[in-house]
Amino acid sequence: MPLETNLPGVLSDADGKALFTKIRQMTTGGGDTVLTIRSRQSGSTTWARNRITLASETRTINLTIERKTLRGRASITTTQTDDAGLRTAVQQVEEAASIDQVPFVRGLPSVSNQEIAHPTLWSDATAHFSSGDRTALVNSLIAPSMAAGMLSAGKLQTTADAHMTINAEGTFRYYPVTTVDCSVTTRNATGTASGWAGTNHYALEKIDPKALAARALDKCQASVDPRAVEPGHYTVILEPQAVADLLTPMIGLPTNSMDRYAAEVMSVGPFSHGSDGSRIGERILDDRLILHSDPMDVDGGFLPYVESDGIPYRPASWVDRGILKELGYHLGYAQWKLHRKEALPCPESYRLMAAPNVQTRSVEEMIASTDRGLLVTRFYDVRCIDGGNLLCTGVTRDGLWLIQQGKITRPVKNFRFRESPLYVLNRVVNIGVPVRVFSPDRAWIVPAIQSHDFSFTSLSDAV
Amino acid sequence: MLSRRHFLHTSAAAAAASLLPRKGFAYSAPHLISTIETLPIPAILSAAINEAKAAGAQYSDVHLRVSQREDLTAFWGRTPGYAPFRTPMDEYLWFRYYAPARSIRVGIGVRALVRGTWGFAGLDGIASTDQAAVLGRSAAAEAARAGAGQSQVLELAPAPVVSGTWVMPGIDPFSVPIGEKFEYLMAMQEALRETRLEAIRSYTTLNLCKDERTFASSDGSFVTQTTFTTGARWEIDAVSDSTGTQEGHRVADYLTPAGAGWEYLCTQPLHDRAQQLVEDGLRSQHVTPVNIGRYDVVFDAASTAALLDCTLGTATELDRAMGMVANTVGTSYLTDPVAMLGMQQVASPLITVTANRSMFGGAATVRWDDEGIAPPEATLIKNGILNDFQTTRESATWLAPAYQRLNRSVTSNGCAHALGSTTPVTQRRPNLVLQPGTQALSFEDLVKNTKRGIAIIGGEATADYQALNGTMTSRQIFSITNGVIGTSLSNAEVLFRAPELWRSVEAIGGAATARTFGFERWRDREEDRVAHSVASVPIKVTNLAVGNVYYAS
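Just so you know, the protein sequences line up as chains A and B, in that order.
Mapping to the working numbering: the first sequence position 54 is 54, numbers consecutive.
Mapping to the working numbering: the second sequence position 352 is 352, numbers consecutive.
Any given hint could be a false lead.
Covered stretches of chain A, as calculated for chain B (at least 3 residues, CB under 8 Å) [what the hints assert, rightly or not]:
id: 1; segment: 48–60
id: 2; segment: 73–80
id: 3; segment: 88–100
id: 4; segment: 114–124
id: 5; segment: 376–383
id: 6; segment: 389–402
Quick list of the computed label-pair ranges, beta carbon to beta carbon [said to hold, decoys possible]:
id: 7; chain 1: A; residue 1: K407; chain 2: B; residue 2: R529; range: 43 to 49 Å
id: 8; chain 1: B; residue 1: R529; chain 2: A; residue 2: A143; range: 33 to 39 Å
id: 9; chain 1: B; residue 1: A54; chain 2: A; residue 2: V435; range: 35 to 41 Å
id: 10; chain 1: A; residue 1: D461; chain 2: B; residue 2: S409; range: 35 to 41 Å
id: 11; chain 1: B; residue 1: V167; chain 2: A; residue 2: D461; range: 55 to 61 Å
id: 12; chain 1: A; residue 1: G29; chain 2: B; residue 2: Y550; range: 52 to 58 Å
id: 13; chain 1: B; residue 1: A511; chain 2: A; residue 2: D82; range: 48 to 54 Å
id: 14; chain 1: A; residue 1: G274; chain 2: B; residue 2: T542; range: 41 to 47 Å
id: 15; chain 1: A; residue 1: D82; chain 2: B; residue 2: G220; range: 26 to 32 Å
id: 16; chain 1: A; residue 1: A148; chain 2: B; residue 2: G149; range: 16 to 22 Å
id: 17; chain 1: B; residue 1: T38; chain 2: A; residue 2: V298; range: 50 to 56 Å
id: 18; chain 1: A; residue 1: D82; chain 2: B; residue 2: V167; range: 22 to 28 Å
id: 19; chain 1: A; residue 1: H118; chain 2: B; residue 2: W522; range: 31 to 37 Å
id: 20; chain 1: A; residue 1: D208; chain 2: B; residue 2: G149; range: 21 to 27 Å
Just a few of them, taken from the derived set where beta-carbon distance is under 8 Å, the chain A residues facing chain B [to be verified]:
id: 21; residue: T45
id: 22; residue: G85
id: 23; residue: T135
id: 24; residue: N188
id: 25; residue: R279
If you are wondering where the hints come from, they were derived from the structure by calculation, not from laboratory data.
Backbone N, C-alpha and C fix where the C-beta goes; we use that ideal spot for every residue, glycine too.
Could you put the whole structure together from the sequences, leaning on the hints where they help?
Structure below.
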């Protein structure tokens, strides 16, 4: 990992320190000041109907200044780094902090000084991927669709970020990160078929955009003129993206349900027993499943600390062989109720996988073992209708096929579903090999899942 | 319990507020971004445009924008059910308020058109003239590289050259002292307390926004405008007695975002409507499960607005309908805009929908859009026939064959919007107006004329990525029997298919029932919300499928 981004458009650690010194001199009234910086250089190319519609390059900066005084705490976000702009921001945040009701309590470290894991999150090739390179790559993604008489739309974006968290008590975290997002939708000219593929990672060399474009095209060609089948309960083979979409209400932000304080004190969410505490120790998923997070995960690297307070993420086994082992908690709760010294923040990265010694199956094998069922590409607009059991509704999108006697027999029209990830992951038939899915700003690695009795409630014949 | 008096004695800001005049809003605060006012803005913008043109741009425009946002939050209740930033102390608090969350965003963005492809370059912070010139060159270079080898020529609908300055009428919310804003939050709690009904939880936020935009184009336009978006969310959970376990939930629908200043909140009848808010909340406790089936459904104005917004409002976005955003938000069930324009029956003849960004108080209202177009009023649906789409200077030209067939000129409907200065201009939702019916029918009249049906108040709608199939749910759904509103129904959801829904509109409320609501929408992975208004009236729709949220129908 480089210590510097070596990009003129992205702030260096010296730039960050200089900004912090300047801000500190402008503050009044003691207390602590935390400066969080995200300096980003971003290049993106968007295309639709087989032609590039927009190429852009931006340099953005977000400074979040948090003041913690004996009166209270408050934060402000600004994009101004000039003296007058910083002074205005400091005045504004100090006025805001004076209004807060709960004073900042000393004793808790305001920003952690703990050592952090150092996953590799930087790729020089990605950081220096030029707009010319982007154009050439995008044209190569469009070409197969055009040759096949289909319409391609998509977006390819690379970013190079410097993340910094600095406070007055000596904490200084600087982490350069690159990202790449690529997603492709291919439709036919009459609008009766649509296919999609996408992924994100920290480095271009970790993804295969051409394979994504090919998959979107394949899905489009295989889904022309879908026919309606009856809603009802089906065995489903959820491709990894569909599994990730379904997991959003459970581990996605801002609706992360893996919160120990919510479960044990507020008695809300799927992992609460009301006034009897949380469900830690109980079986909540199929006993072949493991859900864990590790900042050093080779395919799931993510910023190794909470950006707002510098607290490091730790490897955590959330669910082990179906048993709920941990829920996330903040430092205050750790010290107040759990008698622990460290927080366990819920991260941006999760890996859902089969337990060791459990035989995984490919999607093809799952199809071959299905008598009658549906193959699902992904879900759209998944929203929770009952936070108590994570019952969700949403619709299928960009490719749904009927499976009969172990073979895909025809594309079918989309459905609205009503299911909970907790129910689906308790009716597991087979588990695939986990892969990185499209979840921008997060790193999720999930497998395809074959599950029975998935509830599709009504037809949704949009394409 | 912390009282208002306690607040006044402990908060420094409130101490300042106590010195303020009680009436009138004449006081002002110093301008936040003082640096901007001293900048040679015309020189900065010219540098960007000139460099883009010198680098080969056939057209270029530049935005310099200052956006300020402030969100204030208070919670009142027995348990900290909604507190977003919890501490162990919260458990003992009845009234909890939070430091306002503030943001200031300043930046500049340049757009250049070269060989039919757009290039964009954006920079956060205050740019110097030299930096602006670099941005102009970068935008043109991005476009030139991306457009190399592309043969398609991109045309822009004509735009008159405009210049001027405009400030949205109203009191700048950022000129109002912070103490007065917190007094407003407390007034909301006081209003609930005065009802003497027990509202056990109340969660309130004020959302204030101010945008100062300067726009210049290579056509010669140069405009500066200031807009405000002001709104609040006031939600309560009510129980009839202190041991009640089933809560009635209600959100006030008269504080939704609007294109107005601080006066928008001050003129709302908080005290008059608090009683209604709590009673509505209590009424929604006593529920019976819905019987699945087909019903005639009477939607109140808020529910109709939500339906309109997620169906016709979404489907008439031309970039969606043409497949230009297929990879993100989706497409439209109006799949062939050119052929359908002026021909397609998309709703009952009772339905006429107009779009504009010039209505007074609209959350999407501007004097000029982000391409310098003074937004006209466009009739999207005329007596049930598809008449127009939401367009920008670029997208309007895609409809040229249809406009020609209909003997209409190709002009933008003013829907260009840049989310921020470092975000390229895209097409966004204008304010939508469902025209009232000619008969003076009220919500009650629509109920009275329904033999067996259900009535939905304050419904929330969602639809798929073509705006085609959707559902509506609400905490306020009632049975109608022989023209009389009956019991509150639980877990009911209306399932609809947009074309059938709008063609089955049997009756529509008159002008006296018209109300305006603000909606906030995200597209793709945007960080900020964008608001627009929908003016609506109650409607009655026949033979809709009604299911149960928890069971397959």
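Take a look at whether the Cβ-Cβ distance between D82(A) and G220(B) falls inside 26 to 32 Å.
-> 30 Å, holds
Could you see if the CB distance from G274(A) to T542(B) stays within 41 to 47 Å?
-> Between G274(A) and T542(B), where Cβ atoms are some 44 Å apart, the hint holds.
Pairwise beta carbon distance, A148(A) to G149(B), judged against the given window 16 to 22 Å = 19 Å, holds
Cβ separation of T38(B) and V298(A), checked against the hinted range 50 to 56 Å | Check passed, 52 Å falls within 50 to 56 Å.
N188(A) as chain B interface residue, shortest Cβ-Cβ below 8 Å = 11 Å, violated
With respect to the beta-carbon atoms only, verify the hint that D208(A) and G149(B) lie 21 to 27 Å apart.
-> 24 Å Cβ-Cβ, so the 21 to 27 Å window holds.
Coverage of the segment 114–124 of chain A by chain B (three or more Cβ within 8 Å) | Not satisfied, violated; 0 residues make the cut.
With a Cβ-Cβ cutoff of 8 Å, does the segment 389–402 of chain A contain at least three residues near chain B?
-> holds (count 4)
Closest C-beta approach of T45(A) to chain B relative to 8 Å, hint status = Holds - the Cβ of T45(A) comes within 8 Å of chain B, reaching about 6 Å at its closest.
With 8 Å as the cut and Cβ atoms as the points, is R279(A) at the interface with chain B?
-> 20 Å, violated
Starting from the hint 48 to 54 Å, judge whether the C-beta atoms of A511(B) and D82(A) obey it.
-> Given range 48 to 54 Å: holds, Cβ gap about 52 Å.
Hint validity - G85(A) Cβ closer than 8 Å to any chain B Cβ | 6 Å, holds
Figure legend: structure checked against the earlier numbered hints; hints not met, in rising order: 4, 9, 11, 24 and 25.
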